[in-house]
Structure formats: structure tokens, C-alpha cells
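Novice: Make a model of the complete structure from these sequences and hints.
Sequence order for the protein chains is A and B.
Counting in the working numbering, the first sequence runs from 1 upward without gaps.
Counting in the working numbering, the second sequence runs from 1001 upward without gaps.
Simulated from the structure, these hints should not be mistaken for laboratory data.
Check before you lean on any hint, since a few could be wrong.
[Said to hold, decoys possible] Quick list of in silico lysine-lysine cross-link-like pairs, DSS-like style, CA-CA up to 27 Å:
#1 K512/A - K1074/B
#2 K22/A - K98/A
#3 K1087/B - K1007/B
#4 K437/A - K1087/B
#5 K282/A - K501/A
#6 K525/A - K1046/B
#7 K512/A - K1007/B
#8 K1074/B - K1007/B
#9 K437/A - K1007/B
#10 K282/A - K481/A
#11 K1036/B - K512/A
#12 K1087/B - K525/A
#13 K552/A - K1087/B
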Amino acid sequence: MPFNAIPSKDFVNREADIDYLKQLAASGKGAVAGNILLEAARGMGKTELLKQLYRILFWEDRGVVPFYYSFRRSALKANHFAKDYFNRFIRQYLAYVKRDPSLAENMSAPLARLVPVMYSLKLKWMIDLVDDFQEHLWNDDPQAQAVGAISAPLTAAARGGNTVLIMFDDFHMANQLYETSPGDVSGPISLFDDSINTSLCPHIMTGSPEGLLESIFTDKSFRGKAERMFIGPLPEDVAHSLFSSLCERLGIRDNRELSLKFMNFLGGNPLYIMNMVNSLRKMQKKEITERDLWECYSFEVSQGETFFYWSSVLGEFVGTAGGRRMAAEILIQYTRSDADMPEAGMLSRVLGVRESSLMPVLDAVSISGMMQPASSESKDYVLNDFIHSLHMREVEGVKRERARELIQSKYFPAGGAASCFEMIIPMIADAELVASKAVEQIGRNMNLSSEVTEQIQLAIIESCINAMEHSGSYDKRIFLKFSVQRERLEIIIESPGKFFKPGTDETLDIEKQLSSDNKRGWGFKLMRRIMDDVRIERLADRTRVILTKNIKPDEVLNESD
Amino acid sequence: MKATNFKVISRLAGDVVVLYPQGYLNNLAGESLVSKCNSYLSQGIKKVVLNFSGTDFINSIGISLLLHIMEGLKEGGGVLCFTNLSKVHSDTFEMLGLTNHMLVFGDEEEAFRYFDSGSSS
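Specialist: Structural data, given as C-alpha cells:
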């Protein structure tokens, strides 16, 4: 829906683009052809730009009726599309006139119920329009229905006296409209000829990949009918200021030097930036370290919003599970190739599949805009890592958490030159002693004094019993990782289930505790006093506690001790 | 430090009972210690020494149960002494600010001398 735009203050560095589009909306003459073809890489904010413009036209600039329509795979059958398109247009028009977004958002009530509203607003022509469309429905003629729906904004502009600005999101999908089964209509995009050629309604159209949309507009019926407008990535400083302000709002302390470098890596893509901040929030990060950034990043591309974003993009083009696996194989081959993709015959031999099975998926993947060879100059590293993660999950059968770890280790090897130990303990009585035994040996390896080792043992016991008490999960296991460096010991304790976060009140009111019935609640206080740092984070469905101990010289035994 | 299965040994010396919590002091162990202590209290023994020489780790649930024992004795007009605390035990109590509320002695003899001196009554 067009009303679910992000707050305008978070939509940075696009003011000039919005102004330009507003001009087009106001006169229809500001642009060369009265129509704009909005081009950008995925995630750069094309949809958001349309929504922001919609909001401005709806609430601030009066006189131009905004109409936003996003093409969807689920509504490509001509009669479904026609009903959906017509319905949305009528509701958005009424919402604009009444300044009531709920009219556009509530799609459940039949249009007939809105006739009294149309009547009260003196929109007699709209009642006629609804009646005409109803007749098309009765006649059961999908083509007439589609034409009737597409021409509705034009009729509204001619009879209502207001310019209607039509915003088509993912317009490339209009070329996939069909009557009874996909591909049964030749050149369905031509249904939009009249709409795009009229001066009554300027259009702004987005689509991905740009190449596909562009090919539509170089076709003879549309040639010269639209001006191209590019949306580039955010410049480094703007990207950083967006990241930083989002972090600040969520109480996350930014580290300028680190995040600037990271913004570069994200290629100034606002979607990636916002997803990253969201991930930092979900994982309860409060201060940004290099490890935090790579950890959240690896989460994002393996199981976070960014993963789901690219996954749904792929789903638009490749529908079946088998096709998806093959797509993952094709994409990974492409990311590994320095030159052009091997031709289909060779690829079918490399992948061990018949060329006839490969071709439809290869075609689908190539129009998805997800292929980027290793040699590409403006490489999208995030997409690249998504592809690796997808391949690990779909083809190699790697579990998502492991995929995350592998991606993280590519950028941030755990603990630098640290030795790492991992163990899993069951949530049963005294299992925490097994973990504590591991600490005892690690302490011995590190030559720590027994007092220090015993304290750390106690801290891990506390963390484990806390996990057992609060998890509530059917997966009764605790995952432990010990990362050992000469001057630092880090222990990560992860438990599935409910997220648990203790209060931040660290004051110890012993008198109160002694006289109270509940004498519990010492665990985290104890851990915080023993360790140098205790962090609690949320990682997917797990609670993660990170205990860090910086080893001081006097805590290590000398050889002679 | 070795963590062994928990048991409580007790020794009655006149009107003083000495309890030896052995092993890992956690929830179940702590409860058995509380119950042992209560059974002596009900017999009129109000001077209790907890000798930790055989105690391994005391986790936070164990600590909370020790507080229950302290409270129970205080309410019943009894006295509780802690002895033979290892470094990690005393550090733990210290860290949590509990030592100001406990009577801690190096060993049993010191605790007995304290009782003999009459300071406890």
C-alpha cells in the first residue's frame, strides 16, 4: 500500500528527485515525454520514492490525484488484474478526495458500498464508471475488463478535472499478464498503449532489472514515450549519516570510522542500510564493534530481512523448489566466473542437468537481475553473499546458522589468532559442571591462576543455569563457544527459546534481599562482577550471552610459580 | 576445583552442630542443607557451623538457599558461622556484599571459640 512509506526524515538525499517528479505531476510538461522510467539497482529506493511522492501529493500538494499500483505475481491473470487495478484506483481516488487513507486501505468492502460516498462527493461519473466495469464483469470478457480498468484513471482525469498521476511499480511484470494460462497473450503490455500515450495522465514507472523495462520502452509502440531517470546509490557521507541517525534513534552507539567503511561495502544501498540497523536492534547491540557489524551482516544475508528480500525477488521469477535449487547453482557459477557465463550447453554439463530443464530457469534467472559476474565493476557484495548463503542452504544442505557463521568468518575470523572450542551441553541437572570443567582445562592451558579460573568457572555455571531456567524451548541444548587468546577469554553461551534479559539494576540491596521471600537473582550480578564484560543479545531464536575476561598479567602464573 | 555429588555430613558437639556440605551446592543440594539445618533447629540446636572445606562450587541458587538458612536462624534466635571458605567462595560472598552479614571464621576452632566466649548469646 502507498501509505506504508518510511518516515520522510529517513528518506535522505532524494529531495531533488522528488521535486522533479512533483513538477511532472503538476504539469505533465516538465518531463520530455510526460512519463518517467525510473531506473535503479534493486534496493536503491524506487518503490520508496514513489511512496514518498504519493504521500506528498496526497497530503500536501492538492490538485493532482496520485494513483499507485504495484504489479504482483498473484494478480497477473487478466480478470484478477482488472478487478484489482480498478478497485484500487477507485478507492485511492475516493481516499484522496475525502482525505481519508482508510478508504484506500480497506479493500474488503465491495465497491457497491462506496456508491453513497461517491454520490455525496458529487462524483456521478465515478458511479457510471463502476456500473460500466460491472457490466464488463457480467460479460465475462477478460480483455474488456482489463481495458476498462486501465482506462479508468484516464476517464477520471477527463471527467473529474484533476490530473491523475499513475505510478506503476514493477511495471515489467505487466508484460506477463495472461488470460487463462501464462504466455497465452501476445504482447500484453500493449494494453497500456492508450494510457501511456495520453497527455491526461503522466506515468512514473519502475521495474527491475532496468534492462527488461528498458526493452519495453524501446519497443516501437512505446519508443520515445518516457524519459529515463536514474537513482544512484547514496554517497558515502549521506549513507553514513542515515546509518548513524537510525542507530542513534535506537540507542545504538555508532563507531564512525568502522561504519563509514562498512557503508562503502553496502554500496550506499538504503535498503541494506536500514536492514542492517534493524538487525543491530534485533540483536540488542548497544555499541558497534567490528565483530557486531559482521555478525549482523552475516545474519542479514543468511536469514534476515535482506535474505528474505532477495529470496522473494528470486521467487518472482522461479517458483518451484527444484527451480530454486537450480537457480542457486546457476547464480553461484556466475559469481565465480571472471568472464561471461558459460553457454547453456556447457553449463548443463557442469551442473549435470538436461539443457531442456536448465533453459527455463536460466532465462528466469537472467531476467531477474541477480546475475553479476565476478568481474563486474559495480559489484553488489551483499547480493553476492546472499547467493552464497542461498547455495549453502539450497544445494549444500548447510543449516542457516552455520551458513551465517561461514559468511561471518569470511570477513571476521573468530577472535583473530584465537583458539576456539565449541561444545553443546544438554539442559539437564549438573550439565553446567561439564562446561565448567572445560573452563578448568582452558584456564590450565592459559596458565591462569586457580582463583581466576574458578571465578570464570562460576560465571559459566551461572550463565548455563540461567539458560536452563529461562529457555522454555523444546530444543533442550546449550551451545557454547570458547575463544581463547593470550590476553582475552571470550565465552559465548547460546540457548534457544524465549529471550531473556535481566534488569539493569545492579545495585545490591542485601537487607532487602535477606528479608524478602524471593532471594534469587544473583546470577547476572555475579557474572558482571567476575567478568570484564557481559553482553546479552538476541540472535534469531536464541538468547546469546557473551562473557569476556581480559587477562591481567598478575592473573597468569609464571613458569616458576 | 572438583565438583562432586552433593551430600551433607553433620557432627553434633554439645549445643553446636557442624554441617559439612560436600560437593556442588546448587538448588537440590541447597534444599537438603536447608532441611538438615531446620531439623536441628527443631531439636533446639541454635548454634550452627557451616564448614565449607568439602564444598566445590556454590551457584547463585545455592547462595539464595544459604540466605534462607541465615534468615531462619536469625528468626529462631540462632547463630550461624561460616568456616573454611575457599578463596573463590569468600570472593563470591565478598563480590555480592554478603560478608558483612555473615560470621566468617578461618576454621571450626575459631567458630567454637566464638561460641565459648559467649559473644553469640
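Novice: Now tell me if each hint is right for this structure.
Specialist: Structure-based check of all given hints:
1. Of the pairs offered as hints, the one joining K512/A and K1074/B holds, with about 15 Å between alpha carbons and a cut-off of 27 Å not exceeded.
2. For the proposed pair K22/A and K98/A, the alpha carbon gap of about 21 Å is at most 27 Å, so the pair holds.
3. With a C-alpha separation of about 21 Å, the suggested pairing of K1087/B with K1007/B holds against the 27 Å cut-off.
4. Distance check on the hinted pair: K437/A and K1087/B sit about 18 Å apart at the alpha-carbon level, within 27 Å; holds.
5. Of the supplied pair hints, the one linking K282/A and K501/A holds, its CA atoms being roughly 13 Å apart against a limit of 27 Å.
6. For the suggested pair K525/A and K1046/B, the alpha carbons sit about 32 Å apart, so the restraint of at most 27 Å is broken.
7. For the hint pairing K512/A with K1007/B, the CA-to-CA distance comes to about 30 Å; that exceeds 27 Å, so the pair is violated.
8. Between K1074/B and K1007/B the CA atoms are separated by roughly 24 Å; this keeps the pair inside 27 Å, and the hint holds.
9. A hinted pair counts as satisfied when its Cα atoms are at most 27 Å apart, and K437/A with K1007/B qualifies at roughly 20 Å.
10. A C-alpha spacing of about 21 Å is found between K282/A and K481/A, which places the hinted pair at or below 27 Å, so the restraint holds.
11. A hinted pair counts as satisfied when its Cα atoms are at most 27 Å apart, and K1036/B with K512/A qualifies at roughly 25 Å.
12. Pair hint K1087/B plus K525/A holds up; C-alpha atoms about 19 Å apart against a cutoff of 27 Å.
13. Of the pairs offered as hints, the one joining K552/A and K1087/B holds, with about 18 Å between alpha carbons and a cut-off of 27 Å not exceeded.
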